[in-house]
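Chains as they are written, first to last, in the working numbering: chain A, 40 to 643; chain B, 94 to 455.
Simulated from the structure, these hints should not be mistaken for lab results.
Simulated restraints, written as ranges between beta carbons of each label pair:
1) A/Gln310 to B/Glu397: 54 to 60 Å
2) B/Gln147 to A/Val185: 49 to 55 Å
3) B/Arg357 to A/Val185: 27 to 33 Å
4) A/Phe226 to B/Arg357: 41 to 47 Å
5) B/Glu352 to A/Gln310: 35 to 41 Å
Coverage of chain A stretches by chain B, computed from C-beta distances (three or more under 8 Å per stretch; other residues unrestricted):
6) 77-87
7) 90-99
8) 103-112
9) 119-125
Even glycine gets a Cβ: it sits at the ideal position worked out from N, Cα and C.
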Amino acid sequence: MNLAEWSVEALAASRARFEMLGRDLVQGPSELANVIGGTHAALMTGMGVRAFTYVVILLLVGIGVEWLFWSYAYASMRAAQAAPIASPREALRPGLRRFFLRLVGLLLFAAAAIGTSAAFSWPRGVQELVIAATLFVVVLRFAWIVIALVLAPGQPRLRLVPLAEGRAGWLAALAMTVVFLFAFGRFAPDLMTRLAGAGHAAGAVRFAAVTLSCLLLAVAAFAFFGRRSRAPRFPRSFVLALLVGAAYLTWLLSPMWGTIAAIGAAVIALQIGLRELVFFFWREQDGEVHDHVLPSIVLSAARFSVVLVGLGIAAIVLEAPLESLAAAESPLVRFSLRLVGVATLWLLTHVIWITIRTAIDQRLARVPAPGKHHGPDPSSRLLTLLPLLRVTSAVLLLVMLVLSSLWALGLEITPVLAGAGVVGLALGFGAQALVRDVIAGIFYLAEDAFRIGEYIESGQNTKGMVERITLRTVALRHHNGPLHFVPYGSLGTVRNTSRDWVVEKFNLPLPVDVDSEKIRKLIKKVGEEMAADPEVGPAMIEPLKGKLYRIDPGVKIFRCKFRTAPGNQFDVRAQAFRRIEAALTAMGVGFADGKQTVLLSAPA
Amino acid sequence: MTLDLRGLRLATGLVLTLFVTGHMANLMLGMHSLAAMEHWRPWLMGPWRSAPGQALLVCSALVHIALGLYSITQRRSLTMSKTDVVQLCLGLVTPPLLLNHAIVMHMAGEVTPKFDATYGQMLAVYWSFSPGYALQQLCVVMAVWIHAAVGLYSWLVLKPVWKRIGGGLILPVLFAIPVLALIGFAEAGKEVVDKLASDPAWRGHITDNLRKIVQVTDPLNALQARILLVYGLLVLAAAAVFGWRMLRERTTVQVAYDEGFSARGRRGLSLLEMSLANDIPHAHVCSARGRCGTCRVRVETGAESLSPKKDSEIQTLARVGAPEARLACQARVLGQGVSVTRLLPAYADASAARAPEEWVAP
Numbered sequence: 040m041n042l043a044e045w046s047v048e049a050l051a052a053s054r055a056r057f058e059m060l061g062r063d064l065v066q067g068p069s070e071l072a073n074v075i076g077g078t079h080a081a082l083m084t085g086m087g088v089r090a091f092t093y094v095v096i097l098l099l100v101g102i103g104v105e106w107l108f109w110s111y112a113y114a115s116m117r118a119a120q121a122a123p124i125a126s127p128r129e130a131l132r133p134g135l136r137r138f139f140l141r142l143v144g145l146l147l148f149a150a151a152a153i154g155t156s157a158a159f160s161w162p163r164g165v166q167e168l169v170i171a172a173t174l175f176v177v178v179l180r181f182a183w184i185v186i187a188l189v190l191a192p193g194q195p196r197l198r199l200v201p202l203a204e205g206r207a208g209w210l211a212a213l214a215m216t217v218v219f220l221f222a223f224g225r226f227a228p229d230l231m232t233r234l235a236g237a238g239h240a241a242g243a244v245r246f247a248a249v250t251l252s253c254l255l256l257a258v259a260a261f262a263f264f265g266r267r268s269r270a271p272r273f274p275r276s277f278v279l280a281l282l283v284g285a286a287y288l289t290w291l292l293s294p295m296w297g298t299i300a301a302i303g304a305a306v307i308a309l310q311i312g313l314r315e316l317v318f319f320f321w322r323e324q325d326g327e328v329h330d331h332v333l334p335s336i337v338l339s340a341a342r343f344s345v346v347l348v349g350l351g352i353a354a355i356v357l358e359a360p361l362e363s364l365a366a367a368e369s370p371l372v373r374f375s376l377r378l379v380g381v382a383t384l385w386l387l388t389h390v391i392w393i394t395i396r397t398a399i400d401q402r403l404a405r406v407p408a409p410g411k412h413h414g415p416d417p418s419s420r421l422l423t424l425l426p427l428l429r430v431t432s433a434v435l436l437l438v439m440l441v442l443s444s445l446w447a448l449g450l451e452i453t454p455v456l457a458g459a460g461v462v463g464l465a466l467g468f469g470a471q472a473l474v475r476d477v478i479a480g481i482f483y484l485a486e487d488a489f490r491i492g493e494y495i496e497s498g499q500n501t502k503g504m505v506e507r508i509t510l511r512t513v514a515l516r517h518h519n520g521p522l523h524f525v526p527y528g529s530l531g532t533v534r535n536t537s538r539d540w541v542v543e544k545f546n547l548p549l550p551v552d553v554d555s556e557k558i559r560k561l562i563k564k565v566g567e568e569m570a571a572d573p574e575v576g577p578a579m580i581e582p583l584k585g586k587l588y589r590i591d592p593g594v595k596i597f598r599c600k601f602r603t604a605p606g607n608q609f610d611v612r613a614q615a616f617r618r619i620e621a622a623l624t625a626m627g628v629g630f631a632d633g634k635q636t637v638l639l640s641a642p643a
Numbered sequence: 094m095t096l097d098l099r100g101l102r103l104a105t106g107l108v109l110t111l112f113v114t115g116h117m118a119n120l121m122l123g124m125h126s127l128a129a130m131e132h133w134r135p136w137l138m139g140p141w142r143s144a145p146g147q148a149l150l151v152c153s154a155l156v157h158i159a160l161g162l163y164s165i166t167q168r169r170s171l172t173m174s175k176t177d178v179v180q181l182c183l184g185l186v187t188p189p190l191l192l193n194h195a196i197v198m199h200m201a202g203e204v205t206p207k208f209d210a211t212y213g214q215m216l217a218v219y220w221s222f223s224p225g226y227a228l229q230q231l232c233v234v235m236a237v238w239i240h241a242a243v244g245l246y247s248w249l250v251l252k253p254v255w256k257r258i259g260g261g262l263i264l265p266v267l268f269a270i271p272v273l274a275l276i277g278f279a280e281a282g283k284e285v286v287d288k289l290a291s292d293p294a295w296r297g298h299i300t301d302n303l304r305k306i307v308q309v310t311d312p313l314n315a316l317q318a319r320i321l322l323v324y325g326l327l328v329l330a331a332a333a334v335f336g337w338r339m340l341r342e343r344t345t346v347q348v349a350y351d352e353g354f355s356a357r358g359r360r361g362l363s364l365l366e367m368s369l370a371n372d373i374p375h376a377h378v379c380s381a382r383g384r385c386g387t388c389r390v391r392v393e394t395g396a397e398s399l400s401p402k403k404d405s406e407i408q409t410l411a412r413v414g415a416p417e418a419r420l421a422c423q424a425r426v427l428g429q430g431v432s433v434t435r436l437l438p439a440y441a442d443a444s445a446a447r448a449p450e451e452w453v454a455p
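Using the sequences provided together with the hints, build the complete structure.
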């Protein structure tokens, strides 16, 4: 069928539709009067009285059951209303609690009323009418529960949308009116057609309800979204009114497509306002949003869900057979379904990726920059590992997303996987050493074997201070200056001399005739003085001590020992020598001088 | 004085509820048969037909209506709980709806000496001759009973006796009464319709009787219209007094609460009305009747700017064991500088009023 034929057919259909509407509007009022007169007459009989009695009983049972529920649930309802709420986000959880409590109450009411209606023998057609009326009430009450949850007129603390107090009440009233009109336009015409056979009256009522609600919505678009002070933006009110108008015109042409258009318009309208709605929950005290990451995730998820829900409702309205849709032959349908699948995958990956990135970025932000004077700091390995983790997960997610998208689109990915496997194998053999280095490095870093600024010796006889840690190598600065680049794979046993503490020992040769006990006490005293010294004292873990170690001809050797924090032993030792020397000089004892006393006997 | 009015409203309400319950019980017998209804009528309805019973009933009804209207004039703002709204609206619509029935039952007997107001007669009118009245009466049943149920429930739930009489059972019983009565009404209606069709003699008797009352329809209608006019004027007057009281006071005052809340409102509002109008969570189980004591507050500053305590408030505070506190629903704000601390969490329920010393915030 070509476009011209299609257009002619569509025009003919819409002309028929307009003629129908015209007839409805001309004949509707008189039919409506008949229907009302007939209903009134039917009510004013014994049958009518009986039906009305039953309705009152239903209402009483429904009200009683719901009241019973509230007599137990009201305290928790009050608690949810009174929960301390400082930000919109905190209003969400008590809001949901209120919503569910009210929903349970409503469901109990509906179940009790509709269930009781089964107990009576109704006049013909009346039960249908009563159940429709009950459903009408339930729809209205449900709408009110949702509106009260979101707009919370009169309770700005509990409100879930950015709206000023005066406007919330008006918007709630308007929304309720529109819901009422829509619900009425849905239930009443059906009943009129089925019970009274008044098709024209039904058409007229439907037309009146839809026209009135669209008018109200258009007015609301200008009244509530008209005054935007941000100048360069396209006025939202105009867009919203345009959407309403477009949906209404479509409805005039074809009720079914009108409903679809209304759903589409609602989805678009929500998409326009969604950013503001979502970011509202992350507003700080100053009314601004500082942390954009989580709101962005929620926003994209919300955008996606709105579209999905819209599609779902449209499918229900079109009465599309959902179960056979999946097996449909039409390539367009299949392709759209697959696109939905790909979009889901994309959203999922997006959420996972932002979650990982946020976690890593936040951890990285908390790592202090590696300073040169603060000694070896543990942050360096995080600074190495976290970016590595970030890149790895990005690549992994991307590959998985691409592969699963291809799969979801119906492309065969087994050859790709097999090819990737072969290439991977080849690369793996080639890059064996590289991979070994990287993986060994991950473990060195994870086990915290060394940090920047520490002095280490590797199994390869390289030693030096760790200057830089990269993915594959560690750079060691030898104390004489050369810089070794050691790949982790050949690092071997690491001897880390900068951890926790070091013990330093040195010998003190003194003349053989000194009093050992006196010397021991002298060294101990020096040690105590050093521990109290503001310069070296803090670095010392165990004070200097000395004892007689060996006696050689003419020499007594004292072995001294102390324990310090790593890296301080040289300073402390120099200081110890200086102090001991001074103390010995004060005592009048010199170091063993190595002079040999040679006794010469005269030749006999 | 206020205590007397409160007690009087309750007492008259109880009398009316008792009468309605008896009437309902009589209707329930319709589930058995019309004869059973007639048989029990002298026992269930008879006492109210006697001179003292009738006097008590009429006086109670008039006093109850008058007190209801008076309570409207005493209102200071539109803040009230949902149950209050329901009760007020149902209470206002009841007299006009019920007037017709009351006039027929009480006046017809006097205007037409031999008018026989049996159940059979009335049911025949309702189910066959003018069903419009029946629809009106069905609405009345619902309005009256829910009005009474709200009143009874909110009175009893605060009493320590609530637990002893099985509080959970009261609501089902309260709602079973009208439901059973309506079922009785429907069953008896069926019987009457059948009897009208199958028993011409009875039918003749009914129509004769009906003719008597049709003769006096005009004076009865005129009377009814006059009463309705008076009632409407009274309601309007009450509403006008309320509106005038609301508009008269223009100065606004500010009240500081704990947790950093603060409220603004017209001078003369009670503390509780301030809280409710400003979306501040505040417990109020008995909705400002001064009975439950859950709205009590500790006055931190500005006690002199509040209206003085009345006897009823002192009694309630003594009962809940907080004599130095104030009831937010009774203390009206007359000046600036008031700051208060709410003593109970906003979700305090009736158990907090029944047993104040045992109740601890969960």
